[in-house]
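Based on the hints, put chain B in the right spot on chain A.
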Amino acid sequence: MKFETFSTTSSFIQRLDARIKLLSSLALIVVISLCRTFPTASAGLTVAIVLVLTAKLEPWLVFRRLMLVNGFVLFLWFTLPLTYPGETAFNLGPLGISREGIALAALISIKTNAAVLVLISLIATSSVAALGQALVQLKMPIKLCLLLLFSYRYIFVIHQEYLRLVRAARLRCFKAGTNMHTYRTTGYLFGMTLVKSHHRAHRVRQAMVLRGFQGQFRSLCESQLGKNEVGFSLLILTVVAALITVEIISRFQS
Amino acid sequence: MIAPPLIELESLSFSYTGSQSPVLDRINLTLQHQQQLGLIGPNGCGKTTLFHCIMGLLKPQSGSIRFKGNEISEVEDFFTLRKEIGMLFQDADDQLFSPTVIEDVAFGPLNLGARPKAALEVAHKTLTDLGLDHLEDRVTHHLSGGEKKLVSLATILSMQPRALFLDEPTNNLDPETRERLIDIIARLGLGFIIISHDYDFLAATCVDLAGMEAGRIVPADHSALHTHHHVHPHGTHPHKHGDH
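So the protein lines, in turn, are chains A and B.
Counted from 1, the first sequence has number 198 at position 198 by the numbering used here; the numbering is strictly sequential.
Counted from 1, the second sequence has number 188 at position 188 by the numbering used here; the numbering is strictly sequential.
None of these hints come from the bench; they were simulated from the model.
There's no promise every hint is true.
Stated by the list, open to error - Straight-line C-alpha distance at most 27 angstroms; calculated DSSO-like pairs for lysine-lysine: (1) B:83 <-> A:143; (2) B:83 <-> A:227; (3) A:175 <-> A:196; (4) A:139 <-> A:227.
Same shape as in the complex, but just chain A (with noise of 0.2 angstroms):
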């Protein structure tokens, strides 16, 4: 398992403040998601592919996460022309493209990719411990940060317990096949994992408690807000605003 793939490129985005890059992300996605008309889907979208070049990320990376995505609007392609009432465009045999179902996928493979784009330049670029701290300090609901935090740090902890216990089927020639042996035992593996995990969580928390745990993350880096996430924050809520004036614009000559 790999993570933070883009967490590690150093570049002026990576090093802002995390706070900053959730609200902006969120600003800017909020918008690209409630967009109806084409000129502010595709503004989104140079947005964010200019958000994706400031991060300096590997493209070929960028590309596959993004096909990955794709995968699932394939299927709009699929469903949408065919499904849509509206003008028919063209016929294939004896199947009618609708034109506003064209339309509709195109638009929706838009906001996608830029909202996708916009999560890859600004989210993906903090690391998870970051992104968690972040989110305690906008004061979400701190178990569920903790949930996220924790689950980041054992998720590999609780894969290699698995793993182990594979292994351990495996060496005594285990093969999985389509009937009950099969069933039960992997039923066993999940089963076995969770309650591991179960353990493995109440021994963390007995360790943690040792170290004067009360419940209470205290942060190490007094993080302060400096030049540069004023300057970002002041400039994507400009960006935010001009794509609201494109879409009202839009909407109205529409």
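Leaving out everything else, chain B in the frame of chain A:
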């Protein structure tokens, strides 16, 4: 006036709910300040449970625990004890939960109320003292087993404890890290209890030894330990311990 011992257990008994036989059976044990005690015993004889009872993670059914002469039973009492006694868990993955090494080492000091800057300084100093400062920014779950063990020791030492409880510290350690651990423990000069079934390790680190069997403290077999401790290092055929 003689200072009361650091820890005094009197007739401490503990059994898990639903279990017939007690895990700890009327244990009497005294740990003086600076005393370096090794507890040896087979798996499942109650060694870890003993630590957990003293640290307040488990509540014994009967008997008393005195810390510096004062009986402790309430949660608040254990806070003072936990500040002065650091416990190292068997599995380092249980102890290291922060994303990076330095954050984990600073976790204890922060909880004790240190300012972030002071906590960072203590964490840095602790790691440097142990020769681990190159690991500071490493991600905890990417460390090797030996590194994890030494870093989890650092997470406890950064709280500047007066004594240590080490639970099977040599489990799964390579000989090199094991030697390093022996070296570190000797240099610290703190009092401690080490539980282990690694005779040679206890002989190399502890002054006093006791055994544990079926929930009771028994005198350790001193003759066997002394032979190991004194004969081998000066023998004509020097060999490494712990790898047999």
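To see whether the hints hold, each was checked on the structure:
Using a Cα cut-off of 27 angstroms, the hinted pair residue 83 (chain B) and residue 143 (chain A) holds, with the two alpha carbons roughly 26 angstroms apart. The hinted pair formed by residue 83 (chain B) and residue 227 (chain A) fails the criterion: a straight-line CA distance of about 41 angstroms is larger than 27 angstroms. Note on residue 175 (chain A) and residue 196 (chain A): the hinted pairing holds, with a Cα-Cα distance of about 23 angstroms set against a maximum of 27 angstroms. Annotation: proposed proximity of residue 139 (chain A) to residue 227 (chain A) holds, straight-line Cα distance about 23 angstroms (limit 27 angstroms).
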